[in-house]
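Chemist: I would like the entire structure built from these sequences, with the hints used as guidance.
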Amino acid sequence: ADRLISSLYGPTRACSEDPGTVVYEQRLETMDAQALQNEATGFARSMHDTGLVSPYHASFIRFILLDQDTLLSEALGLSSTGRDCLMCYRELVHTLIKEGIYPETAQGIYGLALLLERGILYQPPVAPGLWRQARLSLCPHARERLELAYGYQPQPNAWLIQGVL
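Numbered per my numbering, the sequence shown spans residues 1 to 165.
A portion of the hints provided could be inaccurate.
Cβ pair distances, simulated, as ranges [to be verified]:
1) 69 to 48: 16 to 26 Å
2) 114 to 5: 18 to 28 Å
3) 37 to 84: 16 to 26 Å
Honestly, the hints are just simulated from the structure, not real lab data.
Please read all numbers here as calculations on a predicted model, not as lab measurements.
The C-beta atom is built at its ideal place from N, Cα and C for all residues, glycine as well.
Modeler: Written as structure tokens, this is what we have:
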């Protein structure tokens with residue numbers, strides 16, 4: 001039980017005392033390359049060991065996507081197969097992260113990692129379907145239902161993308 005709890009609320013050294021995502025994001029800004037590498041490795045190990053994803057992992061991935069997306073494959077715990085798939089579908093993966101990965105929808109990271117690791121994006125209908133999902137305009141009724149179920153943050157589309165992943 002302790003391992004499961006720590007994988008959600010303190011999987012790495014920088015978030016071990018569960019400081020909250022705002023404080024954690026401030027810490028990320030002051031980290032050097034080695035500390036960021038350690039965070040990426042720690043998140044990936046925790047996620048693949050338990051199948052659970054910390055909200056801090058989502059904050060980390062959104063942070064590195066801006067400047068250091070070379071750490072993305074490490075943060076997802078990808079092998080050479082997963083890295084190849086990531087490189088082939090980089091723009092799609094970045095779009096899925098920007099549109100659908102937030103601390104509230106962090107579990108989608110595990111789905112994304114497995115999607116890449118298994119090479120599922122190489123199947124002909126999958127990538128176009130995910131592009132359509134990422135660009136989907138919700139009708140007002142669907143938006144209202146999602147907001148009623150999950151709240152207003154993040155946007156309703158993020159919950160759909162997480163579910164697809």
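Chemist: Hints first: check each against the structure and report whether it holds.
Modeler: Status of each hint after checking the structure:
Look at residue 69 against residue 48: about 20 Å separates their beta carbons, and that is inside 16 to 26 Å. Restraint check, residue 114 to residue 5: a C-beta distance of roughly 23 Å satisfies the suggested window 18 to 28 Å. With their beta carbons about 21 Å apart, residue 37 and residue 84 fall inside the hinted range of 16 to 26 Å.
In terms of the numbered hints stated before, the structure departs from none.
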